Amino acid sequence: MRSVRVTPNLRVADLERAKSFYQDFLSLDLEEFNLGWVARYTSSDSGAHVQLVTQEATSSEDAVISVHTPDVDAAYAEALECGYDIVHPLTTEPWGVRRFLVRAPDGNVINIVRHVVEEHGTTPGPHNAPGAGADNGYWHLCVSRCVGQ
Numbered sequence: 006m007r008s009v010r011v012t013p014n015l016r017v018a019d020l021e022r023a024k025s026f027y028q029d030f031l032s033l034d035l036e037e038f039n040l041g042w043v044a045r046y047t048s049s050d051s052g053a054h055v056q057l058v059t060q061e062a063t064s065s066e067d068a069v070i071s072v073h074t075p076d077v078d079a080a081y082a083e084a085l086e087c088g089y090d091i092v093h094p095l096t097t098e099p100w101g102v103r104r105f106l107v108r109a110p111d112g113n114v115i116n117i118v119r120h121v122v123e124e125h126g127t128t129p130g131p132h133n134a135p136g137a138g139a140d141n142g143y144w145h146l147c148v149s150r151c152v153g154q
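Take the sequence shown: its position 124, counted from the start at 1, is 129 in the working numbering, and no numbers get skipped.
Because the hints were derived from the structure by calculation, they are not lab data. Fair warning: this is a prediction, and the values are worked out from it, not measured in the lab. The beta carbon of each residue, even a glycine, is placed where N, CA and C say it ideally should be. Worth double-checking, as some hints may not be accurate.
Derived lysine to aspartate or glutamate pairs resembling EDC-like cross-links, with alpha carbons at most 16 angstroms apart [unchecked claim]:
1) K24 / E36
2) K24 / E37
3) K24 / D34
Restraint ranges, calculated between C-beta atoms of paired labels, are given here [to be verified]:
4) N113 / S49: 27 to 33 angstroms
5) Q60 / A109: 18 to 24 angstroms
6) P75 / D19: 32 to 38 angstroms
Starting from the given sequences, assemble the full structure and let the hints guide the process.
Here's what the structure looks like:
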């Protein structure tokens, strides 16, 4: 699997109450999106970011991080091949992502995600954020295939 961006997902009880700390004190001043149950805040200076999550919309378990990949279908096939526990099956969600949730061997639940390419050929999301080092809308971070192999 090729990981191109990792986003921490922090559980909060109330997005509106939490956001001033992240926007004002931590200077994550850009609200990239807010779906009412999940919101992403990014620094306009550095591109540093975090997602705040009140609850998972379609899965029974929350993910601790979201790992963005350019080929989520291949990542899903690889996770199955490796025998990892799939917490939420590969799904195209109504908010514009294709994703699945997998349990890491340490027990952490990971959201593996790709933003769905829209008809006009662009990928929604913060791919032009300062410090992003964009390459077709993705950040590069190498990881090994099937941990422990």
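Evaluated hints:
| no. | hint | in the structure |
| --- | --- | --- |
| 1 | K24 / E36 | 9 angstroms, holds |
| 2 | K24 / E37 | 12 angstroms, holds |
| 3 | K24 / D34 | 9 angstroms, holds |
| 4 | N113 / S49: 27 to 33 angstroms | 30 angstroms, holds |
| 5 | Q60 / A109: 18 to 24 angstroms | 21 angstroms, holds |
| 6 | P75 / D19: 32 to 38 angstroms | 34 angstroms, holds |
Hint violations for this structure: none, all hints satisfied.
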